[in-house]
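Taken in order, these protein sequences are the chains called R, G, F and L.
Here our numbering is used: the first residue of the first sequence is 1, the next is one more, and so on.
Here our numbering is used: the first residue of the second sequence is 1, the next is one more, and so on.
Here our numbering is used: the first residue of the third sequence is 1, the next is one more, and so on.
Here our numbering is used: the first residue of the fourth sequence is 1, the next is one more, and so on.
Simulated from the structure, these hints should not be mistaken for laboratory data.
Treat the hints with care, since some could be wrong.
Copies of the same chain look alike in the list, so a pair counts if it fits in one copy or across any two.
[What the hints assert, rightly or not] Calculated cross-link-like contacts (lysine-lysine; reagent style DSS-like; alpha-carbon spacing at most 25 Å):
(1) Lys15 to Lys112
(2) Lys205 to Lys112
(3) Lys122 to Lys112
(4) Lys15 to Lys199
(5) Lys15 to Lys122
(6) Lys122 to Lys54
(7) Lys98 to Lys202
(8) Lys15 to Lys208
(9) Lys112 to Lys98
(10) Lys199 to Lys123
(11) Lys122 to Lys205
(12) Lys123 to Lys112
There are 4 protein chains.
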Amino acid sequence: MEKLSIKNQVCALAKHRTLKEAMMEISTNISNTVQAIDDRQVDQLVELLVNGLKSNRRIFVVGAGRSGLVVRAFAMRLMHLGFEVFVVGETITPAVTKKDILIAISGSGITKLVVESSRIAKKDVDATLVVITSYPDSPLAQLADLVVEIRGRTKITEQNDYIQRQIKGEHFPLTPLGTLFESTVLAFLDGLIAELMEKTGKGEKELKERHAIIE
Amino acid sequence: MEKLSIKNQVCALAKHRTLKEAMMEISTNISNTVQAIDDRQVDQLVELLVNGLKSNRRIFVVGAGRSGLVVRAFAMRLMHLGFEVFVVGETITPAVTKKDILIAISGSGITKLVVESSRIAKKDVDATLVVITSYPDSPLAQLADLVVEIRGRTKITEQNDYIQRQIKGEHFPLTPLGTLFESTVLAFLDGLIAELMEKTGKGEKELKERHAIIE
Amino acid sequence: MEKLSIKNQVCALAKHRTLKEAMMEISTNISNTVQAIDDRQVDQLVELLVNGLKSNRRIFVVGAGRSGLVVRAFAMRLMHLGFEVFVVGETITPAVTKKDILIAISGSGITKLVVESSRIAKKDVDATLVVITSYPDSPLAQLADLVVEIRGRTKITEQNDYIQRQIKGEHFPLTPLGTLFESTVLAFLDGLIAELMEKTGKGEKELKERHAIIE
Amino acid sequence: MEKLSIKNQVCALAKHRTLKEAMMEISTNISNTVQAIDDRQVDQLVELLVNGLKSNRRIFVVGAGRSGLVVRAFAMRLMHLGFEVFVVGETITPAVTKKDILIAISGSGITKLVVESSRIAKKDVDATLVVITSYPDSPLAQLADLVVEIRGRTKITEQNDYIQRQIKGEHFPLTPLGTLFESTVLAFLDGLIAELMEKTGKGEKELKERHAIIE
């Protein structure tokens with residue numbers, strides 16, 4: 001499938017240019033991330049989850065703010081796939097144990113309650129800790145058994161963004177704060193679900209069967 | 001910015017092909033949506049929100065499952081922008097009134113509790129109802145004052161997907177259930193936030209000031 | 001059973017009289033409810049839950065507003081006891097099936113989203129429906145396989161309250177809206193947990209083992 | 001103040017004795033707490049909230065597990081009363097500032113994420129911190145500007161309970177873990193709402209007007 005360059009695509013679109021440029025920036029960050037993925041990190045994550053499903057290891061997920069919403073969207077699909085999965089902070093989440101896997105998401109890797117939650121899971125019960133972050137040297141990542149690096153708005157893109165938009169006489173970032181990280185992690189985790197479906201032989205029909213009907 | 005075609009991009013990527021193809025499908029659906037946006041629908045939505053902020057109209061949001069998570073991610077940014085915004089079902093959500101705006105998200109437009117919530121808001125108090133859906137003829141859309149159509153996996157893409165993957169001897173969709181709709185709506189709403197920042201003159205600094213610090 | 005009048009109990013307490021009278025009203029409604037409990041309703045509920053635990057039936061709970069918080073407090077303890085339990089509307093709640101039990105709480109029995117949720121569970125999949133309400137003739141109760149009646153502020157207590165406080169020259173109810181129902185149901189469900197602990201032979205130690213540690 | 005012994009009250013109640021004794025224990029702890037309330041602590045809390053409403057101070061609440069549910073039930077009523085109130089961890093909760101009041105609930109006063117949240121609010125922005133706990137010497141209480149002590153199951157009641165039930169040949173506590181604290185705090189906070197209604201001149205009608213209608 002051929003595609004126009006972003007510039008060509010939006011230059012003709014006089015109306016809602018900012019909205020459309022922001023969407024293109026998100027779309028591009030997702031496709032760029034495909035190139036940048038560290039296959040060995042994903043190898044380990046897929047293996048951990050596929051083996052985890054076989055041996056009934058439970059998955060716990062934790063995140064704050066919009067990262068917390070993204071990790072819930074992932075948890076929902078893991079449940080559809082047949083995993084026993086819990087969201088830290090929700091009502092029926094039990095005690096995490098050594099046998100469990102905690103997946104923590106934080107772009108910066110310094111979100112206090114996420115770091116503290118991960119520390120409890122790691123230090124107190126020695127659960128397996130997976131961290132998804134833009135900063136593999138962050139305090140959160142340093143606790144992890146496995147780090148998956150997903151780039152959001154890096155310092156460089158931030159600078160470029162600033163310069164480019166200064167040139168155009170603008171000073172609003174298209175994707176403020178953690179936006180790029182959050183939408184890209186959501187796409188990555190949805191990609192992971194596709195791979196898990198394939199690896200575990202579960203089709204859409206089986207997902208649908210577990211999908212909540214009271215909603 | 002130039003870009004390789006999706007096919008070229010992924011053909012060389014032997015490992016985790018399914019994960020990467022799924023991410024590219026998401027990225028592509030977002031960029032395709034940029035082309036397909038109905039500018040007049042967005043005109044009305046932007047006007048409603050910009051005027052709403054000026055005249056202190058409150059925003060309520062509602063969605064179920066993953067659409068509910070997406071609408072919360074949007075609500076969080078609206079709060080960062082200075083809107084008074086509430087999520088239906090959360091603790092401190094007050095009575096909706098005629099002066100308020102309810103934004104309801106449902107890909108299918110038939111999610112029962114979302115339709116019922118929208119019906120209460122529309123029929124009982126005559127709030128302004130905005131519906132974001134793939135189906136402008138759905139029961140939910142028919143209640144709305146303003147419909148914004150965002151395509152997820154249409155019947156056609158579903159068929160294409162099925163045929164293409166049958167040819168390859170596969171039978172797992174890359175983006176099961178509402179995945180494409182949900183990730184594309186998230187990107188659309190983040191684009192909308194960018195435009196609202198511009199229109200209301202609020203920069204990233206102001207967003208940061210309202211961003212939760214206990215997390 | 002004899003009891004001191006509320007008035008006597010608090011007459012010596014000059015400061016924060018309203019606060020203390022309200023607390024006494026709540027305390028009294030709980031102890032009055034002990035007398036009013038329909039043993040056969042509780043027989044059936046206990047049997048359903050004890051047998052449910054043995055045969056791995058899952059429990060779903062639903063409620064709106066403060067009743068929703070009360071039903072979550074109950075769900076948490078059921079989880080501590082070893083039940084597989086889910087809260088309607090939370091992230092990892094799967095499809096309810098015929099084998100499952102749904103416990104719905106609504107003082108009035110007319111809360112729309114609770115009625116609609118119960119209708120889906122009952123009509124679409126024929127799950128077992130338990131309703132806890134003050135109104136055994138309400139639309140919600142009429143859907144139920146088992147109704148447990150818990151009195152909140154009845155019309156009579158409302159009238160008495162009004163008259164008594166009119167005499168004193170006041171016009172604020174001590175326990176507005178559903179307060180009495182909610183606090184009494186919480187106490188009833190905690191009583192039920194005590195009986196379930198006894199019946200299933202689970203002590204506090206076992207509850208503690210499942211109690212969330214990331215909090 | 002005289003009171004019938006719990007034993008006398010329930011002796012005639014053969015069926016579901018454990019359930020009923022547990023409910024009586026909860027009822028009794030609430031009425032005992034009325035006697036034990038430290039009026040000066042409540043003076044300060046009422047003054048803080050009444051003045052806070054006048055000067056538009058925002059209230060933030062935080063709690064984990066069942067204490068988190070209790071604090072939400074309180075937040076809901078504060079909203080009904082016209083307060084601007086937020087629950088830490090919910091979607092639209094903004095940055096806490098020096099002008100705001102944080103109310104934290106923890107029976108033990110050592111719940112990690114609650115202590116950490118309170119520390120951020122106190123140390124980073126110097127918000128006013130109210131702590132409701134059974135342990136006025138706990139790490140959480142030590143951060144507070146105002147401590148309200150509410151007794152749950154104390155070491156002594158725990159011992160008594162244990163001995164009494166040992167004598168009867170039983171070994172299950174009627175009110176495991178934080179049950180007594182949680183139900184008593186709920187009753188206390190509902191009493192506080194009654195006093196706030198009186199002090200601010202808001203009747204049930206005004207509460208009802210703000211009560212969520214989409215539910």
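We went through each hint and held it up to the structure:
1. In this homomeric assembly, Lys15 and Lys112 never come within 25 Å of each other (Cα to Cα): the closest approach is 41 Å inside a single copy and 35 Å across copies.
2. With identical chains, the CA atoms of Lys205 and Lys112 are at most 25 Å apart between copies only, with a shortest distance of 21 Å across copies and 39 Å within one.
3. In this assembly of identical chains, Lys122 and Lys112 lie within 25 Å of each other by CA distance both inside one copy and across copies; the values are 15 Å within and 15 Å between.
4. For the identical chains of this complex, Lys15 and Lys199 are inter-copy neighbours only, at 13 Å across copies versus 44 Å inside a copy, given an alpha-carbon limit of 25 Å.
5. Proximity of Lys15 to Lys122 under the C-alpha cut-off of 25 Å is found in neither arrangement, the shortest distances being 50 Å within a copy and 30 Å between copies.
6. In this homomeric assembly, Lys122 and Lys54 come within 25 Å of each other (Cα to Cα) only inside a single copy, at 23 Å, whereas the closest approach across copies is 33 Å.
7. For the identical chains of this complex, Lys98 and Lys202 are inter-copy neighbours only, at 23 Å across copies versus 27 Å inside a copy, given an alpha-carbon limit of 25 Å.
8. With identical chains, the CA atoms of Lys15 and Lys208 are never at most 25 Å apart, being 38 Å at best within one copy and 28 Å at best between copies.
9. Taking the shortest alpha-carbon separations for Lys112 and Lys98, both the intra-copy value of 22 Å and the inter-copy value of 19 Å come in at or below 25 Å.
10. Taking the shortest Cα distances, Lys199 and Lys123 never come within 25 Å of each other, neither inside one copy (32 Å) nor across copies (36 Å).
11. Taking the closest pair of Cα atoms, Lys122 and Lys205 come within 25 Å of each other only across two copies (23 Å); inside a single copy the shortest separation is 36 Å, beyond that limit.
12. Proximity of Lys123 and Lys112 under a CA criterion of 25 Å is satisfied in both settings, with 16 Å inside one chain copy and 14 Å between copies.
Violated hints, listed in ascending order, are 1, 5, 8 and 10; each of the other numbered hints is respected by the structure.
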